[in-house]
Amino acid sequence: MADYKFNPTLKVDDITVTYNNGHTAIHDASFELEAGTICALVGVNGSGKSTLFKSIMGFIKPIKGAVTLSGMAVNAALKLNIVSYVPQAEDVDWNFPVLVEDVVMMGRYGHMNFLRIPNKKDKAMVAEALEKVGMTEFSQRQIGELSGGQKKRVFLARSIAQEGQIILLDEPFTGVDVKTELAIMELLKEMRDEGRLMLVATHNLGSIPDFCDHTVLLNRTVLAAGATADVFTPKNLEKTFGGVLRHFTLGGDDLHDDDDARSLSVITDDERPLVIYGKETKKSKHATSDKDEEA
Amino acid sequence: MMAEFFEYLIEPMQYAFMQRALLMAVLVGLVCAIFSCFLVLKGWSLMGDAVSHAVLPGIVIAYILAIPLSIGAFVAGLFCAVATGYVKENSRLKEDSIMGIIFSGMFALGLVIYLKVQPEIHLDHILFGNILGVQAADLWETGIICIGTLLLIILRRHDLLLYCFDQAYARAIGLPVKLIHYTLLVMLSLTIVASLKAVGVILVIAMLIAPGAIAYLLSNRFSSMLIIASSVAVGSSIAGVFISFYLDADTGATIILTQTIIFIITFLFAPKSGILRNKTAI
Ligand SMILES: Nc1ncnc2c1ncn2[C@@H]1O[C@H](COP(=O)(O)OP(=O)(O)O)[C@@H](O)[C@H]1O
Ligand SMILES: [Mg+2]
Chain A
1 MADYKFNPTL
11 KVDDITVTYN
21 NGHTAIHDAS
31 FELEAGTICA
41 LVGVNGSGKS
51 TLFKSIMGFI
61 KPIKGAVTLS
71 GMAVNAALKL
81 NIVSYVPQAE
91 DVDWNFPVLV
101 EDVVMMGRYG
111 HMNFLRIPNK
121 KDKAMVAEAL
131 EKVGMTEFSQ
141 RQIGELSGGQ
151 KKRVFLARSI
161 AQEGQIILLD
171 EPFTGVDVKT
181 ELAIMELLKE
191 MRDEGRLMLV
201 ATHNLGSIPD
211 FCDHTVLLNR
221 TVLAAGATAD
231 VFTPKNLEKT
241 FGGVLRHFTL
251 GGDDLHDDDD
261 ARSLSVITDD
271 ERPLVIYGKE
281 TKKSKHATSD
291 KDEEA
Chain B
296 MMAEFFEYLI
306 EPMQYAFMQR
316 ALLMAVLVGL
326 VCAIFSCFLV
336 LKGWSLMGDA
346 VSHAVLPGIV
356 IAYILAIPLS
366 IGAFVAGLFC
376 AVATGYVKEN
386 SRLKEDSIMG
396 IIFSGMFALG
406 LVIYLKVQPE
416 IHLDHILFGN
426 ILGVQAADLW
436 ETGIICIGTL
446 LLIILRRHDL
456 LLYCFDQAYA
466 RAIGLPVKLI
476 HYTLLVMLSL
486 TIVASLKAVG
496 VILVIAMLIA
506 PGAIAYLLSN
516 RFSSMLIIAS
526 SVAVGSSIAG
536 VFISFYLDAD
546 TGATIILTQT
556 IIFIITFLFA
566 PKSGILRNKT
576 AI
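As you go down the protein sequences, you meet chains A and B in turn.
Mapping the first sequence onto the numbering used here, position 20 (from 1) lands on 20, and the numbers just tick up by one.
Each position in the second sequence, counted from 1, maps to that position plus 295 in the numbering used here.
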């Protein structure tokens with residue numbers, strides 16, 4: 001997986017997106033991402049994360065501005081089969097009569113002939129992708145018969161089988177247990193090291209510094225974008241989430257019996273919290289209890 | 296005993312009109328069944344109902360213009376589907392409301408023109424079909440449409456299915472989703488046109504939903520859904536033709552009743568989703 005025909009890049013240039021009903025979900029939004037990046041897309045529900053994905057995939061045309069993928073207009077880039085997408089769980093009909101294996105095989109359609117008859121390579125890529133996400137033994141399950149974490153892994157496997165270069169993941173950690181979350185993060189890092197570009201909508205503030213080198217903060221427009229270390233500050237998060245976010249700060253006096261004046265901040269949007277100790281940003285130690293993983 | 300049974304099967308087939316009816320019922324049942332799988336999965340049942348009602352003015356106008364009625368029906372059906380899409384993109388109304396207005400409006404227009412023009416075709420035959428009156432030419436027409444539609448669906452089923460399952464992904468990997476969308480609408484209109492002679496404008500929607508709905512309850516893979524839907528439909532068509540002969544009942548309606556009964560049985564007893572099964576399992 002060394003030579004890519006296209007250097008995956010993403011440029012969102014001053015876009016405004018308005019739905020048919022007249023609702024403007026995003027306005028004047030700009031940011032730019034390079035190859036070999038994992039970028040977190042952070043914002044409250046309704047801030048326009050899914051809408052941004054839809055405009056990157058050309059589903060909705062911005063009424064102003066443009067999206068450029070690898071230097072090309074959206075439609076031209078899509079034809080090259082370099083863009084991949086992991087849908088939000090609510091957007092999938094889990095009763096649909098497809099097996100795990102069928103879903104992953106969809107990732108190969110763009111590589112197949114007109115009749116979509118899989119060849120040896122397609123089958124091998126599907127098997128490999130399933131192996132990578134640890135879903136081999138579930139390949140014959142109907143997709144509704146999986147746990148939340150397994151469902152996500154199936155769709156990630158589809159993107160892996162596709163060999164997508166620009167991968168959009170819409171809330172891949174929602175309803176996922178911590179173990180699966182870590183596994184997915186490892187996979188994403190691996191894919192970043194292969195030179196791909198990933199844009200990940202997520203509410204898990206705590207894990208963002210762990211694996212996202214870039215962050216875009218969104219609330220109907222881009223509030224801040226850039227390297228996570230620069231963007232991911234309490235002040236910016238405050239701005240992004242307003243009153244929605246739960247934010248606890250324990251002052252130095254409450255925390256220590258010594259003279260250490262640093263305070264501890266815990267910021268959470270109901271998922272893994274972000275813990276800030278003093279001025280530096282620390283990873284959370286999985287403070288939340290494991291989410292349900294039933295099957 | 297066995298001989299008696301065969302007697303029952305052979306007797307109706309001594310009539311040429313019954314042979315034609317049987318062939319027609321099987322053809323229409325098959326193509327509707329295959330298509331019904333997509334309709335059920337895409338959630339387009341109401342769209343099917345709308346398009347089937349909307350063909351009425353097309354038939355009447357085609358009669359006035361002296362062109363083949365099926366062409367008029369096809370154009371009107373497609374117009375309804377496309378107009379629905381257009382209005383939806385340009386208004387804040389939900390699709391079902393738009394469809395309700397468009398198809399009932401077109402149906403009403405058809406009725407008004409029909410009564411003004413008083414064509415020789417019976418309104419009953421347009422509304423409920425006239426499978427026993429099917430001629431060889433009708434069979435050819437339906438046969439060609441059915442085979443064309445079936446071939447297209449079977450060859451392109453993967454893309455059609457991906458479109459129904461995950462439109463956003465289909466788009467992301469560069470499939471021509473607009474083209475796929477209109478292909479489905481064209482095939483829906485064609486399927487309805489092909490079925491009109493057999494079951495008519497009002498009842499065709501049953502053939503376009505029931506087999507897919509039954510198969511949906513019974514399968515966890517698309518390939519098995521297609522097979523179950525086709526088997527149910529072909530079986531119901533054959534059973535309906537014979538039963539209606541002996542009961543002296545309307546053939547189209549008997550076929551649809553047979554499918555409905557199978558649906559009810561499936562609903563109650565399906566291995567995974569049947570409500571009675573689940574009750575006893577607790
Ligand atoms: N198809 C649609 N038509 C009209 N408005 C929509 C549509 N989809 C989303 N919206 C609106 O756009 C805004 C952004 O939604 P979305 O992008 O789904 O947010 P997020 O994914 O960040 O939760 C919301 O106010 C939502 O109600
Ligand atoms: Mg969303």
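Hints listed in this document are in silico derivations from the structure and should not be mistaken for laboratory results.
Careful: at least some of the hints might be erroneous.
Pairwise CB distance ranges (calculated) [stated by the list, open to error]:
1. A:Ala76 with B:Ser386: 26 to 32 Å
2. B:Asp419 with A:Met72: 23 to 29 Å
3. B:Ile556 with A:Lys11: 36 to 42 Å
4. A:Gln88 with B:Arg387: 34 to 40 Å
5. A:Ile117 with B:Lys567: 29 to 35 Å
6. A:Met112 with B:Arg387: 37 to 43 Å
7. A:Gln88 with B:Ser519: 48 to 54 Å
8. B:Phe562 with A:Phe114: 45 to 51 Å
These numbers were taken from a predicted model, which means no experiment stands behind them.
Even glycine gets a Cβ: it sits at the ideal position worked out from N, Cα and C.
Evaluated hints:
| no. | hint | result |
| --- | --- | --- |
| 1 | A:Ala76 with B:Ser386: 26 to 32 Å | holds, 31 Å |
| 2 | B:Asp419 with A:Met72: 23 to 29 Å | violated, 58 Å |
| 3 | B:Ile556 with A:Lys11: 36 to 42 Å | violated, 59 Å |
| 4 | A:Gln88 with B:Arg387: 34 to 40 Å | violated, 23 Å |
| 5 | A:Ile117 with B:Lys567: 29 to 35 Å | holds, 30 Å |
| 6 | A:Met112 with B:Arg387: 37 to 43 Å | holds, 39 Å |
| 7 | A:Gln88 with B:Ser519: 48 to 54 Å | violated, 28 Å |
| 8 | B:Phe562 with A:Phe114: 45 to 51 Å | violated, 38 Å |
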